[in-house]
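Q: Residue strings, one per chain:
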Amino acid sequence: MTFVVVENCIKCKYMDCVEVCPVDCFHEGPNFLVIDPEECIDCALCPDECPANAIFPQDEVPEGQQGFIALNAELAKAWPTIDARKTPPPDADQWKGVEGKLKHLERE
Amino acid sequence: MSEATTTKEDRPGNAQAGTRSADLTREDFETAQEVRWCPGCGDFSVLKQVQLVLPKLGIPRENFVFISGIGCSGRFPYYLETYGFHGIHGRAPAIATGLKLSRPELSVWVVTGDGDALAIGGNHFMHVIRRNVDLNIIMLNNRIYGLTKGQASPTTDLNVRTKTSPVGTADRPLDPVALALSLGATFVARAVDTDQKSVMEVLERAAAHKGTSFVEIYQNCHIFNDGVFERVSSKRVRDDNRVMLEHGQPLVFGNQRDKGLRLNGVTPEVVSLTVGLHTVDDLIVHDEKAPGTGMAYVLSQMRPPHLPVPMGIFRDVEEPSYEDLVASKHEVVKSKKGKGDWHRLTHSGDYWVVQ
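Each protein sequence line maps, in turn, to chains U and C.
Quick note: to get the numbering used here, add 195 to the position in the first sequence (first position is 1).
Quick note: to get the numbering used here, add 1472 to the position in the second sequence (first position is 1).
Hints may contain errors.
Claimed, not checked - Taking CB as the label site, the calculated pair distances span: (1) C:Glu1702 with U:His299: 52 to 60 Å; (2) U:Glu303 with C:Asp1730: 34 to 42 Å; (3) U:Asp243 with C:Gly1530: 38 to 46 Å; (4) C:Glu1676 with U:Gly262: 29 to 37 Å; (5) U:Ala268 with C:Asp1629: 37 to 45 Å.
Stated by the list, open to error - Over 12 Å on every C-beta distance to chain C, these chain U residues come out as not near it, computed from the model: (6) Val218; (7) Asn226; (8) Val256; (9) Gln260; (10) Ala265; (11) Ala273; (12) Ala279; (13) Lys281; (14) Gly295; (15) Glu303.
Think of the hints as simulated: they come from the structure by calculation, not from any bench.
All C-beta atoms in this analysis are idealised placements derived from N, C-alpha and C, irrespective of residue type, glycine included.
Build out the structure end to end from the sequences listed, making use of the hints.
A: If you want it as structure tokens, here you go:
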């Protein structure tokens, strides 16, 4: 089992989650964070920290976002670890809750 | 650990029980119970590593037993799809000893905490290790009484403020590794909860060792003692504050692997490997198999801030297990007097009938 970062993180990337993770399992992309499913210990600390409500246990990933399970696993291998919060993008609050953000995901 | 000697075919009427031990995965050891520790607890990490290690051992699930006492550690058996006991405070080693003597083919694990094992359970802790019963002890050491919400434990550092020590503790703490070594433990290891790879390694080695395997896990209690192991847990600083013990290798540590430990008399001291005065040849070489515990005990005394904390396997030696010794005593008596007759024993000597 693991926790999964889903669509609402894209272009918000608040990074509050990173501060509480005891095992540093978050990986950072240009406008999105993912959780490495091999490192996550299911301690459930991160979901409540996320202002965008973008983290779910694998079994509770919302309808239509199941693709994010594999996406987290894939991108965690490509992206570097992040263990401290940085400044979120200036327009993070405008993107909170916006639907269909997957097309804005930057991989590089 | 002893391998299972019974298979499901040996037990009549149980042909469908268990999964073939060769096919087990982590999921087979997860239960339907919601895992309830505080979010952020280090216990989640240990549970995960145990669920990853057990499938590799070639033992069917029904041959595993996890025995706990009281504390947050006491919850552990509920979260594993194996047999288990949630025992009374500090008594898991006694229950485990009895079980192992009567069912030596089972893979017996004790999960305990610094409070459960070293306060009320100190006596049983001492004797199970002294006897070298073939089982594995995982101690979740968070240096506090977590379940009861923040009282000082026998491993809480001196002068630390807790709910029972508002102006700081007046007790010198026990070091579980040092204690285990002084009891003659045949396998002693330590890992920190956030270093998952290291936790897995010590658990695998503990499982493979025959005799009592004692593993101390530095476990973070997020709510009542957060950050107590920070210097050996945080990836940024841990390599400067801990030395990883590897059998046959010199004690080198540091983020840049630029420091080492040598003996000054019987006291370890840190030397630089880059200044030019010392090389790896001057350093202590770790020996897990040393017959005595002296050197391992010296290592166990290393404390921050001046010395790094040793992690990994301190000792791994083979000595006869308690159940093997007990069995051999039985053979001695049987060869002289034959197998015992329980009926004759209970009907011998003086007895009374109450009417």
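Q: Take the hints in turn and mark each one as holding or not.
A: Cross-check of the supplied hints:
no.: 1; hint: C:Glu1702 with U:His299: 52 to 60 Å; in the structure: 37 Å, violated
no.: 2; hint: U:Glu303 with C:Asp1730: 34 to 42 Å; in the structure: 35 Å, holds
no.: 3; hint: U:Asp243 with C:Gly1530: 38 to 46 Å; in the structure: 40 Å, holds
no.: 4; hint: C:Glu1676 with U:Gly262: 29 to 37 Å; in the structure: 35 Å, holds
no.: 5; hint: U:Ala268 with C:Asp1629: 37 to 45 Å; in the structure: 40 Å, holds
no.: 6; hint: Val218; in the structure: 5 Å, violated
no.: 7; hint: Asn226; in the structure: 24 Å, holds
no.: 8; hint: Val256; in the structure: 17 Å, holds
no.: 9; hint: Gln260; in the structure: 22 Å, holds
no.: 10; hint: Ala265; in the structure: 18 Å, holds
no.: 11; hint: Ala273; in the structure: 20 Å, holds
no.: 12; hint: Ala279; in the structure: 9 Å, violated
no.: 13; hint: Lys281; in the structure: 15 Å, holds
no.: 14; hint: Gly295; in the structure: 31 Å, holds
no.: 15; hint: Glu303; in the structure: 25 Å, holds
Hint check: violations occur at hints 1, 6, 12; the rest are consistent with the structure.
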